[in-house]
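Chemist: One-letter residues, chain by chain:
There are 2 protein chains.
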Amino acid sequence: MAKDKSTRRPKAETPKGFRDYFGADVTERKAMLDRIAEVYHLYGFDPLETSAVETVEALGKFLPDVDRPNEGVFAWQEDSDWLALRYDLTAPLARVAAQYRNDLPSPYRRYAMGPVWRNEKPGPGRFRQFYQCDADTVGAPSVAADAEICAMLADTLEAVGIPRGDYIIRVNNRKVLNGVMEVAGILDPNDPEKFAAERGIVLRAIDKLDRLGEDGVRALLGAGRKDESGDFTKGAGLSDAQAEVVMLFVNAPSEIQRRLQDVALVEVSSEHLPWDAYEALGASSAAGANSLPNSASVTRNEFTCRYLREIVQQSVTGIEGVDELEMISELLDRQGYDARKVRIDPSVVRGLGYYTGPVFEAELTFEILDEKGRPRQFGSVAGGGRYDDLVKRFTGQAVPATGVSIGVDRLLAALREKRKQAGTERKESGPVIVTVMDRDRMAEYQAMVGELRAAGIRAEVYLGNPKNFGNQLKYADKRNSPVAIIQGGDEAAKGVVQIKDLILGARIASEASLEEWKSQPAQFEAPRADLVAAVRRILEG
Amino acid sequence: MAKDKSTRRPKAETPKGFRDYFGADVTERKAMLDRIAEVYHLYGFDPLETSAVETVEALGKFLPDVDRPNEGVFAWQEDSDWLALRYDLTAPLARVAAQYRNDLPSPYRRYAMGPVWRNEKPGPGRFRQFYQCDADTVGAPSVAADAEICAMLADTLEAVGIPRGDYIIRVNNRKVLNGVMEVAGILDPNDPEKFAAERGIVLRAIDKLDRLGEDGVRALLGAGRKDESGDFTKGAGLSDAQAEVVMLFVNAPSEIQRRLQDVALVEVSSEHLPWDAYEALGASSAAGANSLPNSASVTRNEFTCRYLREIVQQSVTGIEGVDELEMISELLDRQGYDARKVRIDPSVVRGLGYYTGPVFEAELTFEILDEKGRPRQFGSVAGGGRYDDLVKRFTGQAVPATGVSIGVDRLLAALREKRKQAGTERKESGPVIVTVMDRDRMAEYQAMVGELRAAGIRAEVYLGNPKNFGNQLKYADKRNSPVAIIQGGDEAAKGVVQIKDLILGARIASEASLEEWKSQPAQFEAPRADLVAAVRRILEG
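Same order as they appear, the protein sequences are chains A and B. If you're matching positions, the first sequence starts at 0 in numbering that gives the first Met the number 0 and goes up one per residue. If you're matching positions, the second sequence starts at 0 in numbering that gives the first Met the number 0 and goes up one per residue.
One or more hints might be untrue.
Since copy identity is lost for identical chains, a pair holds within one copy or between any two.
What the hints assert, rightly or not - For lysine-lysine, the following BS3-like pairs were computed, each having C-alpha atoms within a straight-line distance of at most 25 angstroms:
1) Lys426 - Lys477
2) Lys493 - Lys466
3) Lys15 - Lys391
4) Lys15 - Lys120
5) Lys419 - Lys493
6) Lys193 - Lys391
7) Lys417 - Lys193
Because the hints were derived from the structure by calculation, they are not lab data.
Please put together the full structure from these sequences, using the hints given.
Modeler: Below is the structure:
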């Protein structure tokens with residue numbers, strides 16, 4: 000101990016990029032995850048909790064070295080092993096699916112919730128530990144599994160409090176994009192590595208449609224693009240004819256929108272028509288599983304699939320992709336998940352480099368104000384898709400898998416925003432505080448909270464230094480306590496307690512008229528025996 | 000990708016000392032933690048979730064070096080900082096209490112649940128990641144805070160399913176032990192460092208009473224002890240008179256037991272008399288807060304305190320410790336937590352080196368069989384105490400704190416053991432499985448599970464390859480499904496489904512008579528429209 004005196008005091012600081020969560024931040028997230036787990040459970044998914052630590056080898060990262068230190072994971076060496084904190088919940092699932100392949104049911108539906116860690120430069124809103132919440136089906140080759148994930152995602156969003164019409168789940172298919180690449184002549188099925196660089200540029204260009212507009216994307220497909228600052232970005236070098244194919248795909252969403260309006264099937268003036276209006280149009284009149292849709296009864300999703308089929312008709316892979324999308328939309332439509340909930344949308348490009356089949360993205364469509372006060376849509380809160388190669392790394396055997404990951408912090412922020420907009424923000428009420436007027440009567444104060452707790456009322460005795468009574472009320476205020484109980488020697492002798500209604504007290508102090516002040520005393524006396532009943536009356540308002 | 004071909008496949012393995020939790024293991028723990036959180040919440044405690052990663056500095060560990068690598072934590076260097084995974088939930092609390100000291104309410108009651116990591120050699124039953132569940136009160140100097148923790152711990156154990164009489168919370172006080180050391184002449188209040196080595200030996204000797212017996216402890220207090228193998232352990236070198244003082248303390252529990260029987264106050268034949276018997280004795284007749292207890296009305300805890308007071312009466316610290324224990328037992332007794340739930344017990348030594356005041360240990364007293372089939376008590380599931388120096392490391396200012404940590408895995412194992420003994424083990428039922436007879440009718444199968452889920456029934460369509468129907472039933476068995484639904488083309492044409500009661504089926508297969516077999520068919524036909532009602536009838540038994 001003596002030698003410690005010379006050392007400096009440690010800093011009391013959360014490490015850079017990490018956070019502490021207090022009180023309601025913890026309980027709100029927990030409540031949301033509990034609701035999500037209920038939906039996942041109802042769909043037959045089982046929980047899985049892997050350890051936070053994996054071998055670097057299992058995570059698929061190379062050993063850290065000077066040039067690429069840790070590659071985005073927190074890693075360290077233990078004896079001969081390199082260990083690391085998991086950076087997502089998918090890599091551990093792949094390891095588990097391989098490790099326990101003889102014991103797990105197949106298909107294996109599992110959900111997982113928990114923190115993941117990223118060794119990235121921390122910044123505003125960018126943290127090095129955050130929650131993910133995933134559901135995946137391993138071993139189901141049919142796109143029925145993808146459809147199920149989409150339906151479950153829609154149910155999940157509604158279960159946590161995102162109303163219909165405020166979200167849309169967009170679905171695309173990697174195979175359709177591959178078909179487009181094939182037709183445009185930059186993907187050779189017999190030599191998948193060829194034109195990889197070009198495809199990379201095309202993919203990044205498509206993803207920038209919102210920001211650069213059609214002309215900007217066209218420039219990047221061709222020779223390249225000079226931005227306002229004069230910086231030049233090299234293009235994919237496609238010919239005009241090649242670029243035209245890609246642009247057909249890029250423009251598909253707006254073209255589909257235009258054509259749907261032409262045929263007056265769906266008079267949508269925006270991608271996000273209010274739910275009621277959409278419903279009134281009868282846009283989703285189910286075509287039925289086996290009926291041949293004619294143009295008068297085609298659904299929006301069917302229409303989109305037909306349009307995409309035209310673009311990729313010369314590619315086997317492309318047609319396969321469209322077939323899959325059609326199956327997904329038919330399955331979903333039959334269960335009531337039509338284009339107002341789950342929409343086939345070729346504009347979804349994010350994650351296409353990673354996934355091998357259908358991809359999904361859940362977007363919240365209600366508006367919020369950005370930092371500059373401009374309205375914008377809330378945006379993406381979940382994404383996923385089919386990835387058939389992950390388990391193969393371990394076993395050499397391809398295992399089909401599909402799943403979704405919810406951005407827990409994003410979704411929680413969305414729920415708070417919704418409540419704020421609706422004026423239904425919740426400030427969790429604190430415990431009833433029994434104040435200490437007389438230190439020797441602590442047992443009696445403890446008995447009071449004991450009675451309150453036995454009645455299910457959150458309560459505590461003030462356990463700081465009781466000398467300054469003002470501090471006790473300040474404490475009650477800081478805890479957002481609804482009620483304070485006071486019993487000094489006089490009250491004890493009379494067999495009564497003073498009950499202070501702190502909610503009413505705060506309201507009276509801020510807004511009440513003198514008359515109200517008199518008629519509704521925020522503090523009153525009650526017989527000691529009536530303590531619980533009197534407190535309950537206040538809590539029940 | 001091409002170059003990967005030459006590298007070997009990664010091993011699909013959980014890192015050494017880490018575990019994966021599946022299905023019911025996750026939900027059972029979650030259910031238990033939820034119940035614990037409810038009790039903590041009712042007592043006014045707020046949740047806190049700190050990040051898994053702390054600076055090594057904040058954890059109070061020295062920088063890893065060759066001689067003491069990591070000292071039991073997983074640590075690594077990021078830029079100039081050493082980071083580490085938290086090894087408990089107390090060190091992060093100390094950091095938080097210091098970091099946010101101007102914003103947090105005082106006293107600050109918080110609970111925390113989550114994994115902690117220990118860099119120890121893994122072994123059977125020894126893991127490097129495990130759950131802890133803590134509740135602490137920071138900033139409450141009064142022992143009323145310690146009493147509250149004990150009461151809350153008792154409520155918690157009962158809430159999760161440990162019945163009264165199957166647990167006991169033992170309470171001791173570091174100050175009483177210090178008093179004993181003072182009286183024995185091996186603690187000088189004016190020079191706390193003096194005799195530190197002797198005290199260490201004494202503490203370790205006391206902790207071995209169960210194993211070594213009275214003579215063994217006496218030997219270790221004196222010159223030393225030779226064990227059966229001939230190995231010699233050096234003793235504390237106390238004189239007979241000094242050792243006698245320590246032995247008075249060591250023998251206190253059995254002596255108290257004997258005296259209580261002498262005065263026929265409590266006819267306890269064992270430390271763990273059945274709850275009912277204890278109650279019938281009226282041993283806990285409350286003496287009242289201010290009445291002077293006479294020998295006829297003294298409670299067991301009061302008796303223990305009096306006995307301890309005799310031993311330490313020449314030590315100011317010792318008397319202070321006994322006063323505190325008396326206050327704790329009086330507060331608890333008044334609320335109904337008498338010696339059958341919370342017992343003052345000088346035999347609690349564990350953790351006394353760490354804590355500065357009262358210490359608690361929750362022990363489960365029901366019997367289990369050890370590896371060799373011999374009955375033994377289940378043992379400790381939680382421990383805690385008062386530690387007034389933790390925050391001081393950061394701020395230089397002493398802040399009183401007291402709390403408890405529940406060993407989550409131990410408590411969960413205890414609950415399972417209780418259920419096993421009571422024959423009420425739960426095997427969680429799996430989802431209803433809708434089998435796939437006809438791939439083209441997938442939408443109809445999906446509609447079935449949709450209806451079941453809408454009625455709150457866990458259900459899924461079989462999503463593996465449907466060709467082999469036997470595999471579908473094997474899957475249902477592996478999932479522990481209660482019901483399978485079958486609808487081929489014939490059934491569809493007739494508008495019916497086949498409903499297979501898998502629970503009944505399993506029972507009939509194993510034990511039914513031929514008559515039962517006939518009268519209770521495990522598979523029956525129902526109109527498609529009655530699907531949900533028919534399934535519900537089976538599930539409700």
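Chemist: Classify it for me, Lys193 with Lys391: is the Cα-Cα distance of at most 25 angstroms met within a copy, between copies, both or neither?
Modeler: Answer is within: at 23 angstroms inside a copy they meet the 25 angstroms cutoff, but 64 angstroms across does not.
Chemist: Pop the pair Lys426 and Lys477 into one bin, within, between, both or neither, using alpha-carbon distances up to 25 angstroms.
Modeler: Intra 12 angstroms, inter 45 angstroms, cutoff 25 angstroms: intra-copy only.
Chemist: Between the shortest in-copy and the shortest cross-copy C-alpha distance, which are at most 25 angstroms for Lys15 and Lys391: within, between, both, or neither?
Modeler: between (36 angstroms within a copy, 23 angstroms between copies)
Chemist: Measure nothing new, just compare the shortest in-copy and cross-copy C-alpha distances for Lys417 and Lys193 to 25 angstroms and report within, between, both or neither.
Modeler: neither (48 angstroms within a copy, 64 angstroms between copies)
Chemist: Checking an output row: Lys15 and Lys120, CA cutoff 25 angstroms. Within, between, both or neither?
Modeler: For Lys15 and Lys120, the Cα distance is within 25 angstroms only inside one copy (9 angstroms; across copies 30 angstroms).
Chemist: Checking an output row: Lys493 and Lys466, CA cutoff 25 angstroms. Within, between, both or neither?
Modeler: Close inside one copy (23 angstroms), not across copies (82 angstroms); limit 25 angstroms.
Chemist: Measure nothing new, just compare the shortest in-copy and cross-copy C-alpha distances for Lys419 and Lys493 to 25 angstroms and report within, between, both or neither.
Modeler: neither (47 angstroms within a copy, 53 angstroms between copies)
The structure fails to meet hints 5 and 7 from the earlier list, while all remaining hints are met.
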